[in-house]
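*Asks:* For chain P, the structure is supplied; the task is to place chain L on it using the hints.
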Amino acid sequence: MNIAFVIDALVTVIGVTTPILLAATGELVVEKSGVLNLGVEGMMLIGAVTGFAVALNYGESLGDWAPWAGVIGAAVAGAAASMLFGVLVLTLGSNQVATGLALAIFGIGLSSLIGASYVGMVIQPFNQTFPDWLAADPIGRVAFGHSPLVYIALVVVVAVGYFLNHTRAGLILRAVGENDVSAHSIGYPVIAIRYAAVAFGGALAGIAGSYFSMVITPMWAEQMTAGRGWIALALVVFSSWRAGRLLVGAYFFGILMTLELYAKASGFSFLPSQFWAAMPYIMAVAVLAVMSARDVAGAEAPACLGRPFMPNN
Amino acid sequence: MKVEAPPRLELVGVSKSFPGVRANDNVNLKVRPGEVHALLGENGAGKSTLVKMIYGILAPDEGQMLFDGAPMRVHNPRAARRLGIGMVFQHFSLFEALTVLENIALGLDARLSQRELLAEFHKVLDAYQLKLDPRRVVSTLSVGERQRIEIVRALLLNPRLLIMDEPTSVLTPQEVEQLFETLRRLAASGCSILYISHKLHEIVALCDTATILRGGKVVGAADPKRETSRSMAEMMIGGNLKEITKPAARAFGPPKLETQGLSLPKPTEFGVALRDVALCVRAGEIFGVAGVAGNGQNELLAALSGEALATGAEAVILSGEPVGRLSVTERRNLGLCAVPEERHGHAAVSEFSLTDNAALTGRDRMEFVSFGLIDPSKATSYAAEVIGAFTVKATGPGALAGSLSGGNLQKFIMGREILQRPEALVVCQPTWGVDAGAAAAIHQAIVDLAARGSAVLVISQDLDELLTLCDTLAVINLGRLSGPMKVGEASIEEIGLLMGGVHGDPSGTTEMTEHLHAHPA
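Going down the list, the protein sequences come from chains P and L.
Counting along the first sequence from 1, when you hit position 246 you're at 246 in the working numbering, and nothing is skipped either side.
Counting along the second sequence from 1, when you hit position 390 you're at 390 in the working numbering, and nothing is skipped either side.
Take the hints with a grain of salt, since some may be wrong.
Simulated DEER-style distance windows between Cβ atoms [what the hints assert, rightly or not]:
1. P/Q223 <-> L/T140: 38 to 48 Å
2. P/A265 <-> L/H346: 54 to 64 Å
3. P/V87 <-> L/T395: 28 to 38 Å
4. L/A79 <-> P/T167: 17 to 27 Å
5. L/A389 <-> P/E300: 50 to 60 Å
6. P/N95 <-> L/L118: 51 to 61 Å
7. L/T140 <-> P/Y162: 47 to 57 Å
8. L/E314 <-> P/L101: 53 to 63 Å
9. L/T395 <-> P/L101: 42 to 52 Å
10. L/L125 <-> P/E300: 49 to 59 Å
11. P/Q223 <-> L/L125: 57 to 67 Å
Partial chain P-side listing against chain L, Cβ under 8 Å, derived [as the list claims (entries may be wrong)]:
12. G170
13. R174
14. E178
15. S239
16. A303
For the record, the hints were derived by calculation from the structure and aren't laboratory data.
Virtual Cβ for every residue (Gly too), placed ideally from N, Cα, C.
Isolated chain P, as found in the complex (with noise of 0.2 Å):
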């Protein structure tokens, strides 16, 4: 094993981290602030067409800047999509598994839909940030080798970290998941609050798609998210909703999902790759049961969670 390969292999963990890791940033936020959107899959796939199909067709008009306006379209349309979601599940009380899930299933058809005249064609992928000169050298490669998207991945769960632990509105974007009516009797606009949060936790799940048709494949293919929605959804429990854990679990399922990539690759396995690829799944499974074992479980989800609020009953 030498250096090449082991660099090779943190700038794959990186690449392959980043999507789960905004999304499920984006997630935290929705959670935290009571709602449950099991609708990331769905998002992340409208995000990842309208961001291939902006950079596409302005690709010439906007020169340098189109990968950007791509981020943009995808980030607009993954919110949304979340609107969508939020007008049922905040405004008209539905139930929020099964409308997160509908949504789910609807962002698959209708990327597929916008996607279909897409297949087949390549835009520029959206990478390096930093000059040639940084990433060339090997050890530079790992750490300024990479799209923006990897940067504002790491920023954005900082902020977030810090908005919801340090700053007033997080605060209150807590309480309102915690105790919907103890929020609202003491006068916090509860369904304003979480038409935000879930407008946030849609944008990112649209950048996070983005990424995997900007930056990882430059180009469309149906269902080309392959199930690192639901991933994200995981990872949100897995971290028990502390934004910190988040970032360590995200880059945990990047090992593992980079091992699958490098068994089906080298076959140095000695199992055979769909092991592998079924590896973070396996590995969701078994960290929440050994999480669920321990008695406080539970007492870190937020309170409201999944609780549909209508504050005239």
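*Replies:* Using the frame of chain P, we list chain L on its own:
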């Protein structure tokens, strides 16, 4: 003629309806500046709806509200707080997973830094001699401590009208006296207080005026200084209040429920460890455990009911049989039943019907189960029997537990256990948040159960309740139980000191306990 200042708060013809209920009907009310005004009424009389409208949580359908003579428009509690209206809720509006300080910050509209807030917090604590750790997480606090957060939160606002919804239920007599002192001082400084309580003697002691609500309407006003507790209670329920009848000169049978050297570690980081608890309840005896919230009451109940297993079987003895290592169900089958403090989610499942709730604890003792299946007709008729015998106001056995008012659900829960004819019954806070009529019914039921030869252990923070109900009394403080005292021979001051007084001085308590052990009552 002297021109009077306008009332601090005036309600004119205020009405509010919910689907199927007219919660408030043409209510008129005047609260003068600096007045302590009692709002009296049974559960469901419309007090909560009324104060929610004043605090901006609900909007009235009709009528006008004036604050300092000017029409007030409060669309939300924030607007109410801006006017200077503070409120201490009956059902705490706290956030379990957050710390005390975070909870307080959420209730304040002013943006203070952590340090400023902490300084303000300690200022209020010192001024009102309350004890509260700002960094504790609320879920680890007792009911009493939680209420203290609410009180501090309201006091931090420097209110001009303070609404207090049953604030004293969990305080020691000394603490109640201190709170009253605080409220009087607050009133003297010009703050009006709207005081809701079922404890009529408190209203006599504290309030200047009382308005009595029944069925959503004002049925009368009274001067608490001239009325007796009894006459006000009768206005409140619109009938005669039954006095608890206790058979005189009762003899107690053999010991039924005993603990010996019952020690348990803290169940959670912030729980209370039980230390060497010894008590003995004889057949026919009502044994009271007094104490300030959070001194091991819930832990004691759990140890007796079987939710927490003792280290040795001999630590808990039921009718001579060691049961310390038996489960809840096994203990129930032997005749040890328990009613925990929290009605929703502990004593009863809110989302279940009364029939299902009856089956949950009565299935074995009342023989609902045949061939492993619950016989729904037996469970239903048992639930109906409880509803009938304890005059529970419910639509029937099919009603959801969560749809009942606090008092009615408590009557149902108590009835469910009592009709099982337990050998020993352990109850925690039997009348917490229950109106006077229901409380009297529950007390009578406890007395009747003891008269039939059961041993009853009542854990309560309401000392008056224990003094009227119990034959013997012990005080729990920091997980230790004092020696037993005969009711009538121990003074309230003594008991108050044992409860840790206001300062929570454990050394003084130990001394006092030793003193009482040396000179048994």
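*Asks:* Taking the numbered hints from earlier one at a time, note which ones the structure violates and give those numbers from smallest to largest.
*Replies:* Result: hints 5, 6, 7, 9, 10, 12, 15 break, sorted rising.
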